[in-house]
Amino acid sequence: MFKFFKKHPPKEGEDRGKLKKELFGYKRCVDHGFPSKPSALAHDPKLNLLAFGTKSGVVKVVGAPGVQLSNQHIQDVSVVQLFFLSEQGRLISLCSDNTLHLWEINVRNGNSVLEEVKEFSMENNKTKTISTCCLSLTEEYLFLGTEGGNIHIMNVSTFKLEEQVIYQDVVMQNVPDDFKVNPGAVEAIAVHPTNPDKFLIGYNRGLVVLWDNKESNADQTYNATQQLECLSWNRSGESFMSAHADGSYIVWSSTDSTAPKEPSTTPYGPFPCKAINKLVWNTAKSDPYIIFSGGMPRASYGDRHTISVMQGENHVVFDFTSRIVDFVTITRAQETDQTEGRAEYDEPHTLIALMEEELVVVDLDTNNWPVIRLPYLNSIHSSAITCSQHISNVPDQLWQKISDAGESQNKDYSPREWPINGGKRLSKDPVSRDLLLTGHEDGSIRFWDASGVDLRLLYRLATCRLFGVPSQTEANSGEEDEWPPFRQVGTFDPYSDDPRLGIQKISLCPLSEVLVIAGTAGQVIIFQMEREEREQEVKAVTVNIVSDRDSFVWKGHEALPPRTGDIKFAAGYQATCMMQLYPPAACTAMTVHSEWQLVAAGTAHGFGLFDYVQKKEVATRCTLNATDLSGTSETPMSRRKSLKKSLRESFRRLRRRRSHIKQRDEKTKEKSETQHIEQRVGEGATAEAGGAAIESRPVERAVEARSADDSMASMVRCLYFADTFIVQGASHNPSLWAGTNGGHVYIYNLTVPSDNRSTQEVTCTLAKEIKLKHRAPVISLAITDGRARVLPDALEVQHERAKAPDMSGPHHVIIISEEQLKSFTLPSLKPRWKFKLTALDGSRIRKVAFVNFRSKSADNYSEFDIACLSNLGDLSVYAVTSLRQQMVVSAIRKDDINGISSFVFTKDGQGFYLHSPSEISRVSLSPRHIITPVCVLELKDGMRPQEPERIDEITEHNESTDVRYGTLDITQGLSDSQLNDSRADTTGDITVDSVIVTVTETPQTTVTTTNVTISVESPSTPETSPQSETPEVTAASKSNVDDDTKATTVCKTAEKPEVVNRPEDEVIDKLAELQMDVDPDDPAVLKQQLAQQQHQQTVVATVNGEA
8 MFKFFKKHPP KEGEDRGKLK KELFGYKRCV DHGFPSKPSA LAHDPKLNLL AFGTKSGVVK
68 VVGAPGVQLS NQHIQDVSVV QLFFLSEQGR LISLCSDNTL HLWEINVRNG NSVLEEVKEF
128 SMENNKTKTI STCCLSLTEE YLFLGTEGGN IHIMNVSTFK LEEQVIYQDV VMQNVPDDFK
188 VNPGAVEAIA VHPTNPDKFL IGYNRGLVVL WDNKESNADQ TYNATQQLEC LSWNRSGESF
248 MSAHADGSYI VWSSTDSTAP KEPSTTPYGP FPCKAINKLV WNTAKSDPYI IFSGGMPRAS
308 YGDRHTISVM QGENHVVFDF TSRIVDFVTI TRAQETDQTE GRAEYDEPHT LIALMEEELV
368 VVDLDTNNWP VIRLPYLNSI HSSAITCSQH ISNVPDQLWQ KISDAGESQN KDYSPREWPI
428 NGGKRLSKDP VSRDLLLTGH EDGSIRFWDA SGVDLRLLYR LATCRLFGVP SQTEANSGEE
488 DEWPPFRQVG TFDPYSDDPR LGIQKISLCP LSEVLVIAGT AGQVIIFQME REEREQEVKA
548 VTVNIVSDRD SFVWKGHEAL PPRTGDIKFA AGYQATCMMQ LYPPAACTAM TVHSEWQLVA
608 AGTAHGFGLF DYVQKKEVAT RCTLNATDLS GTSETPMSRR KSLKKSLRES FRRLRRRRSH
668 IKQRDEKTKE KSETQHIEQR VGEGATAEAG GAAIESRPVE RAVEARSADD SMASMVRCLY
728 FADTFIVQGA SHNPSLWAGT NGGHVYIYNL TVPSDNRSTQ EVTCTLAKEI KLKHRAPVIS
788 LAITDGRARV LPDALEVQHE RAKAPDMSGP HHVIIISEEQ LKSFTLPSLK PRWKFKLTAL
848 DGSRIRKVAF VNFRSKSADN YSEFDIACLS NLGDLSVYAV TSLRQQMVVS AIRKDDINGI
908 SSFVFTKDGQ GFYLHSPSEI SRVSLSPRHI ITPVCVLELK DGMRPQEPER IDEITEHNES
968 TDVRYGTLDI TQGLSDSQLN DSRADTTGDI TVDSVIVTVT ETPQTTVTTT NVTISVESPS
1028 TPETSPQSET PEVTAASKSN VDDDTKATTV CKTAEKPEVV NRPEDEVIDK LAELQMDVDP
1088 DDPAVLKQQL AQQQHQQTVV ATVNGEA
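Residues 8 to 1114, numbered by the working numbering, are exactly what the sequence shown covers, in order.
Think of the hints as simulated: they come from the structure by calculation, not from any bench. As the structure is a computational prediction, the values presented were derived from the model and not from experiment. Each hint should be verified, as a subset may be incorrect.
[Stated by the list, open to error] Derived pair list, reagent style DSSO-like, types lysine-lysine, alpha-carbon separation capped at 27 Å:
{"#": "1", "residue 1": "K901", "residue 2": "K914"}
{"#": "2", "residue 1": "K901", "residue 2": "K837"}
{"#": "3", "residue 1": "K44", "residue 2": "K28"}
{"#": "4", "residue 1": "K44", "residue 2": "K18"}
{"#": "5", "residue 1": "K44", "residue 2": "K281"}
{"#": "6", "residue 1": "K135", "residue 2": "K125"}
{"#": "7", "residue 1": "K18", "residue 2": "K62"}
{"#": "8", "residue 1": "K810", "residue 2": "K843"}
Model the full assembly from the supplied sequences, consistent with the hints where possible.
Structure (structure tokens):
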């Protein structure tokens, strides 16, 4: 009985429930980085906005820094093309399912949002599949070219097709007999720059027609022998260019189609070339600009992704490392053109190129056409991201040093400001300066400004130059081809010089300005920030973890050879020394204490402690067991065996995942009704789903203990420095804690000299060891003081960033494994509380952080809690004091393994993870720290056309031959019969003017009266209205009056309701002469009745006027 009370913390009260709402709350904030898999690009020159569409159906609009809007199509479609309606804040998207969508930027609660307002679906067959689109000159219509060769015209305001269709057969009737062959699909449409009635129609096989839409006639017909790819007008409208599949372009006159104005030009001939996919012809006061993508010699450079810019003698071929999606030019003419007048020249000043993996903006105003720095949409995956760390509240001094070092790296960029500056940022400036550090596969570390909505690159640090590995950029620097004049641009580089350079762990101390990184080949490098460049030697110290195990044989990759001699470093972070672990396996854990000036790093074989002041090894510990040391090819640590086992486990995991998905689809979709049990096998964690209905109270499950001879049990998963109580009866002292994959925790006592740190040695002795019964991997641990506060980081107390820890009360250590959270009292290591996560819901903890949550409204209250991410993608928070769960929310799809493995928590309750290879999503668990884009797009008055008046749609039923006609049908039918039937009686016209519902009250009763006015108009007899009493019409009645009604409606009220024949019967009798069937209860006729709104009164129809 007493044992039960001892194991369970006291229950939480109502006050705690209220406090939770102030402390915890999940919100997905914003996506940083480059849109994943872009497929379309659009630019609004008036509002200065850029829009991107992706293959996943996302539409993203960006403007000035801090201005970004995004939304996604409901259907699972890919965006094919985007079109801005200039200066209207509206956007049209063409999707892969042959649908068109209209988007609007509207203001909601003071913040602009992107909303889908209309949708249109074309018949999805081969002949009506949209192959290309083009807006008319006035942007009132959208021309839709199809695979069948026809052109449909959409009215942008109604978002419906016009009746007019430009059929290919009609176009071919006006074509000379020599050209009358099947021209193929519509490949390109180009609107005449000065005449809104004319546009070019380019067909796939090379036929181009100048079509006069007003006259429905072909003005000119041009025939190119090569397959057509693109059309581009000259600004004057006197000539145009056609680009072709053989890498050539031709200049044509708009008034003479007998022969090209200029002969065909193949810029990179005479050998066969690839197609010119897109071409832009812009005029300037000097020489015109000809900009096109593709056209490279097929044999020599057919694999290059290029955009060529030619202006007179200037000729540059911009070479990119990923496929080109689209490009646009920004011209001064587009920005300044008004309806009253047009500029004489285009004058392009910026080229925006969208690739599959990055965005590049070229300055065409500056000599040599340099690249403009991106304030956002950076290619964060220029080399694959392998790890990351978030640093909060960076000191101003360090921030300035990093910024200055980054500016010195950007001398080759254009001095111009970012040209896309539409919209207005409303969010406040960030209170603190935050850094996000990302480690990459190529051995580089990038420093990002993560203080606001935009993720801006500040500084880049490369480590490859510390080793004797030739850099790919250095190897290619001397190779310059004279022709074509290539220039490599962009930052995306998918190739790594050496996989051993990959960064595995990053640790930055912002107060001491020390940076430590650990790599894939066991290299641990210590950097120090310096303002001046210097030349120095980097000392490399080898730390042998398995030195006491003579039988161990390493069969993996070799260590990176360090460079000898002095190395020249620029201002910024400069390497001071290096610890090389042996065996050179990938680092799995690392920690640094800048006050004690110690670094600890661990691998799958053990860990080592390094003093980076004296540049010497302090201690090592090998965590391998006897079965891992034989060194034969059959050992679990063998490279061959581990690869074979990894492949086997991958296939097992795939089969289990497929069976799990099948079972999940057959069961209920509610997540609360299933439980999942995951069993760890060997090296990887394989999920075996077991569904069981949850009862009112969770049932604890038995979790099998892991085998003691697990080959990966030796892997070090976490390292931790702390000044706490280790030995009973002794005072607190520095300590090192190490947790392994086998559930072991090693505790070491450290002796760190306070004086003569550079000469006196640091000692390290094993004090205690903890073995968890369930042997689950220990992924994190921390120590709390007597006030339930996590011990502060190094130097935080000296810099008054944290309160000094309470050393008078008892300390507690919280050890977090993949399966449970458990706390012990120090120094006795007596168990206190525990929470079994896997036993309750079958999930496993993947990421952990100890977070300081602050109240949303009370500035003086904060508490430390444990934030966890499970393998199911659930984010949860647990109290440090009781380990009781405070909140849980599903944040990431459980099949998004990259997102879960890349997640990193911040100290204030935010989180970052890879939403896609090129995008980092930011989430928040704290309502106090939410960073979202708050912006507004201001439009000029009258820029958006008024919505057309909506007409009630005709209701049709497929029941036998019954057809129901609405009011408009009746009126239209009568009108058409009078015009077309000479035998119709025209002495009197029946018109239904209006249907009005009024509510009148008498002393005895309330009568709801429906008034239907039917007038019989005669050409010879003027219309007269009898004198009658007109009651007061209520506000509800006035709102239902048709504005188009010209007849006067008179309402009569009698003291006693009188039932009369329905006036609709007379209409039906009249229509019977025209052989039309009408439903007397047509909702269009009686659509405005309010008879049931007032106490179910009697409905009386009063007829005004005589038929």
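We went through each hint and held it up to the structure:
In summary, the hint linking K901 to K914 is supported, as the alpha carbons are separated by about 24 Å, within the 27 Å threshold. Between the alpha carbons of K901 and K837 the distance comes to roughly 36 Å, so the proposed pair goes past 27 Å and is violated. Restraint check for K44 and K28: not satisfied, since their Cα atoms lie roughly 38 Å apart, outside the 27 Å limit. Note on K44 and K18: the hinted pairing is violated, with a Cα-Cα distance of about 49 Å set against a maximum of 27 Å.
Of the supplied pair hints, the one linking K44 and K281 holds, its CA atoms being roughly 24 Å apart against a limit of 27 Å. Taken as a hint, the K135 and K125 pair is honoured in the structure, with Cα atoms around 20 Å apart against an allowance of 27 Å. Annotation: proposed proximity of K18 to K62 is violated, straight-line Cα distance about 50 Å (limit 27 Å). Taken as a hint, the K810 and K843 pair is broken in the structure, with Cα atoms around 32 Å apart against an allowance of 27 Å.
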